[in-house]
Amino acid sequence: MKPAGRGQPPSGAAAGAGAPNAPAAAAASPYPTLSGSVINLSKMREEARRALIELLDSVKGKKVLVLDPKLSGPLGQVVEMALLKEHGVEKIYYVQSGRFSTDSRTIVYLIRPRVELAKRIAENIENHKNEGQSKEYHVFFVPRSTTICVTLLEEHGVDNVVTMGEYPLDLIPYDDDVLSLELDSSYRECFLEGDRSSLYYVARSIMKMQASFGIIPKITWKGNASRLVAEMLGRMRKEFEHELPNTSPDIDQLLIIDREVDLITPLLTQLTYEGLIDEIFGISNSFVEIDPNIIGAVAAKKDGPPVDPNRKHKVPLNSGDRVFSTLRDLNFNNVGPLLNKKAREIDEYYKQRHNNLTPPQLRDYMKKFAATQQEHLSSTTHTAVALHIQKVVRDPAFLSRLEAEVNLIGESNSIDDYIEECINKQEPLVKVLRLLCLTSLVNNGLKVKMHEFYRREIIQSYGFEHILTLDNLEQLGLLKRQEGKNTFPSVRKNLNVYSEDVNESEPKDINFAYSGYAPLSIRVIQNSFKPGWEVRDDLLGPQDRMTQTLNGSTDKLPNSTRNNVTLVYFVGGVTFAEISLLRWLSRQEGNLYGDFVVATTKLINGNSFLQSIMENMTPPPPPVQPKPSGKKK
Amino acid sequence: MSLNPSSDWIEIQPGCFYQRREPYNMEWGAVNPSKFRLVAASYGGLLALTREDRKIVKASGAETDLRPRIDIYTQAGKRISYIVWNKTKIAGMGWTDDEKLIIVEATGTVYVYSLRGKEELQFSLGQMARDSGVMEAKIWGTGLVAITNSYDILVINYFQNLTVQNGKAPEPPKARLYPNPSLAEPPVAWAVIDPQYTQSLNAEVIIATRTTVYTVDVADVQDQMTGTYGTFLVIVPSPNGKYVACFTEGGSLIIFPSDFSKKKTEFSTEYKMPPEQMAWCGGDSIICYWAKLKAILVIRVASGDIAKPYVSQYEQPLFLSSECDGIRIITPDRSEFIQKVPDSNESIFSIGSTSPPAMLYDASYLFERKNPKADEMIRSIRDMEFAVEECLRAAANETSPYLQEPLLTASAYGKTFLDSTFDSTKFTDMCKTIRILNAINDNSVGMPITFVQYEQLGLPNIINRLVERHQHLLALRISQYAGLKQEKVLVHWACAKVVGSTASPDEVLLSIVDKLKNSPGVSYAEIASIAHLNGNTDLATRLLDYEPRAAEQVPLLVSMHQEDTALIKAINSGDTDLVYSVVLSIKRKCRSAAEFLQSLKAKPVALQLLMSYCKQQGDLALLRDIQIELNRIPEAGNTTLIQAYKEPELKKRIDTLEESFGILARNKDTFMAKAVEDQIKLLHLQKDFEATIGGEYVDGSVSDTITKLILAGQNAKANKMQKDFKVPDKRFWWLKIRALAATSDWNSLDKFSREKKPPIGYEPFVEVCLEFKSREEAVRYVPKVASPAKRAMYYATLGMLEEGVEAAKLTKDPNIFQQMKTHFSSNNRAKEVLDQLTEQFAR
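Protein chains in written order, with full-length UniProt numbering: chain A, 1 to 633; chain B, 1 to 843.
Warning: the hint list may mix true and false statements.
Said to hold, decoys possible - Computed, partial: chain B to chain A, Cβ under 10 angstroms:
(1) Thr576
(2) Leu683
(3) Ile760
What the hints contain is simulated information worked out from the structure, not anything from laboratory work.
Given the structure is predicted, the values throughout are model-derived calculations rather than measurements.
Idealized CB from N, CA, C, for every residue including glycine.
Based on the provided sequences and hints, a complete structural model is requested.
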């Protein structure tokens with residue numbers, strides 16, 4: 001995919017209806033190149049792009065594109081603004097309720113099949129109808145249309161003026177080894193609401209991958225939701241047999257693991273560089289928005305357009321940026337020294353030009369010039385970001401939180417005092433809930449008295465409107481009353497989940513990403529590679545393995561010259577730190593694991609994970625009271 | 001010399017050769033095309049004939065059925081089917097590209113017939129057409145244009161899908177009204193340019209009046225101001241839509257580009273009467289037919305000047321039908337095809353040609369006869385690859401195997417002189433194509449298409465045409481041979497079997513399953529849907545059992561009123577949307593909510609989805625009914641809570657909360673009920689505060705309310721709140737000191753700190769002072785902080801080195817000095833001191 005031209009907004013569709021995005025501060029390509037991928041992910045992106053263009057071309061003439069706000073980020077990974085323009089898109093808006101005014105005669109809606117959005121579209125059309133405006137409407141559902149949405153449009157009587165279609169965008173490549181469906185409420189829908197649609201989407205996306213990369217010979221799964229996915233895969237194999245290729249597979253194993261197996265990890269604070277960026281700033285669709293007063297000086301380009309001093313800078317975070325790709329997976333404590341080293345190297349390089357270079361040396365110098373400049377820009381940006389992170393992680397508030405987490409996870413010490421203090425200080429609710437859920441998970445629930453106490457404290461401090469949030473957490477088992485035997489200590493022991501012995505600079509184990517804690521999820525994955533792995537239902541959930549026979553001749557063995565490739569599918573979300581640990585595992589000497597490609601329903605952190613479960617009951621504003629005319633004194 | 005067809009060529013202009021092929025003798029007996037309205041599908045497609053109302057036909061003794069009919073024949077004159085036309089006047093008739101016969105009735109109703117004469121769909125062109133009636137309609141491969149008696153132009157650019165799919169009848173297309181050129185009388189002549197050749201991709205309608213020509217498209221009407229040329233009596237667009245041939249009242253033939261920008265060429269035919277028929281032969285000549293003359297005129301218009309036209313006599317009446325590369329002429333006993341000799345063939349076969357392919361052809365002829373001159377000839381060929389490819393192409397252009405063979409031999413011979421970079425699949429693919437062409441050109445099939453038409457139409461479409469004609473075996477063989485998917489052919493065959501077979505359902509099922517068992521992609525659902533439409537529900541159900549795809553099974557089961565089975569299959573598939581679709585269709589059928597719930601009771605997955613649906617739809621009342629019906633009391637209570645919080649008015653909100661409390665109180669876990677009760681109490685209190693104190697209290701939390709009361713100086717009320725809501729001391733203290741600090745009420749803060757020993761210690765006092773930017777006040781509380789380490793750090797924060805060091809010493813922890821250092825980053829002396837102390841205590 002061609003990156004957007006210089007000066008273009010970095011992620012086309014992400015520009016949305018609001019102000020166009022600031023140019024990326026680090027000038028590296030805003031999109032991952034996908035050239036370093038072990039399977040051909042650019043083929044997937046190309047396909048998604050082609051389908052989108054085809055869709056736009058199927059609507060003749062000029063048109064406006066009206067987006068589901070939740071789609072703008074993912075679409076930005078697939079296509080850039082300039083290309084949309086080439087295919088007749090004059091303007092992009094977000095779906096709004098009520099009246100939608102536009103001069104364009106043709107409106108193309110692109111939405112996830114959510115009832116709320118379909119309702120808004122119906123409102124838009126009804127409004128136009130009442131105003132006597134005749135327009136052409138096209139609604140494309142991503143990844144597919146649903147009976148509910150279609151029925152809704154029918155019930156509003158607008159289906160006869162709407163042409164409906166589908167845009168089957170599912171897994172989007174976010175990097176050489178990361179794919180995401182970007183379904184934000186998959187965990188909630190699946191485990192809280194009993195709506196397993198997202199599991200179906202997961203299974204479909206795997207089928208699609210098999211259609212392009214061959215039938216995956218081995219499928220290992222862990223967890224109840226994973227079981228459902230695996231079962232669906234079995235059925236779909238029969239349904240889509242004729243669509244599956246008989247080429248030798250590019251992927252050797254599929255490992256499905258669902259978030260229910262390990263709810264602890266996302267609640268803890270990530271300490272890798274990328275993880276901390278996510279915890280502190282929030283990464284959205286592989287970009288992070290940084291306040292200009294943090295990296296202000298960097299982005300002011302001489303020849304660029306004048307930069308709004310208050311506008312946040314969008315920094316792309318992907319392996320296309322060589323500096324970032326060396327830093328992202330490390331424990332944060334290693335980042336500073338490495339950035340210093342990089343700065344010195346760049347400095348050395350620039351100094352060379354003062355030497356009398358021979359023509360071949362000069363050629364060599366010039367060859368590296370562009371790349372070095374790129375690295376220079378990037379390392380300046382990341383130095384600024386790292387300095388800010390350092391300020392945060394040295395703050396006593398951050399340190400006491402980490403201490404609390406370690407106390408809990410390492411030794412199951414009570415952190416009640418700390419949590420209570422957080423509540424009393426009115427710290428953000430999501431932080432309190434992270435710690436509280438963690439306490440409950442580690443201790444197999446809260447003591448009856450504390451259970452009552454915390455729930456009352458939260459409602460009294462943060463408001464009654466959070467009562468259903470508490471109820472949701474209760475139903476999901478994230479927050480509960482102590483019952484039965486606590487199994488966590490034995491899990492901790494058996495899986496060697498915690499160790500005080502952490503070597504942050506030269507790690508020996510996967511416990512460097514969470515100050516001594518080795519994520520359960522990654523331990524489960526490691527175990528699945530061990531001999532003696534067996535079908536069973538242990539404390540973390542059921543597990544099983546199945547083999548798929550390949551179509552056509554069986555003598556087509558996997559290409560032996562490459563590493564084994566495992567596709568790890570985290571159903572319900574994955575954190576950046578977990579991805580970093582999988583990368584670390586496959587980089588180890590005598591690599592047992594081969595290469596990993598990670599797929600997920602959503603890239604998450606503790607905050608976004610809990611936010612997806614929270615229920616907001618904010619009451620609508622009270623009706624406007626008729627005011628008495630004339631002022632009283 | 002070698003075999004040469006050039007002796008049969010017609011030189012219609014010096015150096016320009018045409019050829020006439022006579023593929024078939026018509027099998028239709030004595031049908032006289034001039035007595036009928038006749039329409040032919042393009043690409044050697046079918047013919048439809050019906051008696052013209054205007055033409056009088058003598059009823060022959062043999063034909064006793066005098067009801068108007070439409071007969072459908074192949075190009076070889078073999079009748080496939082007929083339609084008894086018992087409707088009113090036909091305003092237009094024509095074939096689509098997939099060989100559906102479209103008939104537009106004067107009433108504005110459009111009928112779509114299969115080539116087997118079965119009516120598949122009918123729809124109306126709309127109120128306008130109904131009101132004034134259709135004067136005339138023209139149909140092309142993908143759409144139609146109708147002009148009403150009040151001269152409104154109605155257009156369907158693209159018929160989307162006209163066939164039954166998955167048991168669902170197709171959506172009838174809707175006609176679009178074009179702008180009106182305001183005609184006062186019927187057009188003299190009119191024509192349509194196929195939308196695929198226009199810029200807007202909408203059909204353009206060309207209308208000739210007495211004085212000018214209008215081009216009408218979806219957006220506007222353009223007057224082309226052609227008055228100076230006289231009235232146009234006949235207008236015919238070229239097959240590629242680029243040009244329009246017009247025959248004027250003065251007897252001239254004028255060719256315009258289709259936008260009428262500039263006359264391309266003009267030729268006077270010297271006949272004042274317009275020809276009965278005028279049609280393009282390919283893109284470069286026009287054929288006019290006058291019955292009186294018993295002859296056609298071939299006028300070549302490709303080159304700028306028109307030389308003498310070529311005249312060919314036809315004793316019998318005839319019918320002209322254009323193709324992209326030639327023209328068909330259908331007479332009572334022959335079907336011929338006239339085309340310009342394709343370039344490849346001309347370059348090989350024209351007399352004395354020395355082009356590389358001609359040399360190769362001759363060399364191959366000599367080589368076959370062991371003539372050593374072959375070698376010499378081969379050596380003189382400069383571009384062998386070109387020669388090989390041209391011979392191949394020429395072979396494909398020929399219809400006779402006697403000519404195909406030597407051309408292929410020549411190509412194969414030349415191929416041996418090429419290096420390995422030549423892609424031999426070109427040769428093998430072409431041989432396959434030629435075999436397919438020969439098979440479908442055969443009299444028994446009657447699809448006389450050229451290679452050029454074959455390429456334009458595409459093999460999948462050809463296979464579609466074959467299956468529609470029930471040539472399943474041939475279609476299957478061709479698919480197999482060409483490596484195309486066979487599922488469609490098999491399904492079509494099975495559907496035909498279901499409809500046409502008189503055997504028992506068991507036998508039909510058996511024979512279908514037997515034939516299809518090795519084709520995994522076959523859609524049994526499609527076959528079942530046909531069985532269902534055909535009234536054979538039993539067979540349909542049994543066929544469906546073979547369908548592996550739930551997404552195909554479920555909708556059909558629903559339309560067969562087998563909702564229970566559908567629901568089970570849908571749930572098992574894991575595809576929630578399928579479950580929804582079944583649930584919603586059950587909902588539509590049930591008369592009451594209770595009946596509806598009853599039918600879902602045993603299906604928790606479906607119920608769960610239904611509840612999720614209610615939530616998404618915002619139909620909370622139904623959701624609550626369901627939850628109560630299912631005895632899910634806590635959930636029903638929660639739903640009521642959500643309802644309460646959708647109420648903008650406080651009173652209603654409180655009422656609904658009371659209701660929720662009523663439901664939740666039935667529950668064992670008392671927490672929720674208690675919380676709701678407290679909230680009701682809180683809202684009442686807050687309402688009172690707003691009335692008595694003023695300000696905004698409603699919807700704040702207990703903590704917010706206490707803070708606001710303190711800020712408003714209402715300490716007594718704040719204290720009472722603490723008691724009433726059992727607010728722990730610690731939180732109360734925090735709230736109070738933050739409120740006091742926020743208002744810089746330092747005196748009250750100080751007083752409060754002395755009231756009793758703070759349950760939260762003195763650190764919070766320091767912190768709130770720092771938070772609200774009062775260093776002096778902060779210093780006041782530091783000495784009271786119990787932990788020396790914390791004291792040390794607070795002093796450091798405040799920049800008080802000595803006091804900090806004193807406190808730090810008490811801890812005996814060297815690390816603390818280092819931590820303190822971060823607060824003295826610009827004070828070198830302090831850093832030195834702290835480093836020394838670190839060392840001292842580390843020992």
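- Which numbered conditions among the earlier hints are violated in the structure presented, ordered from lowest to highest? none
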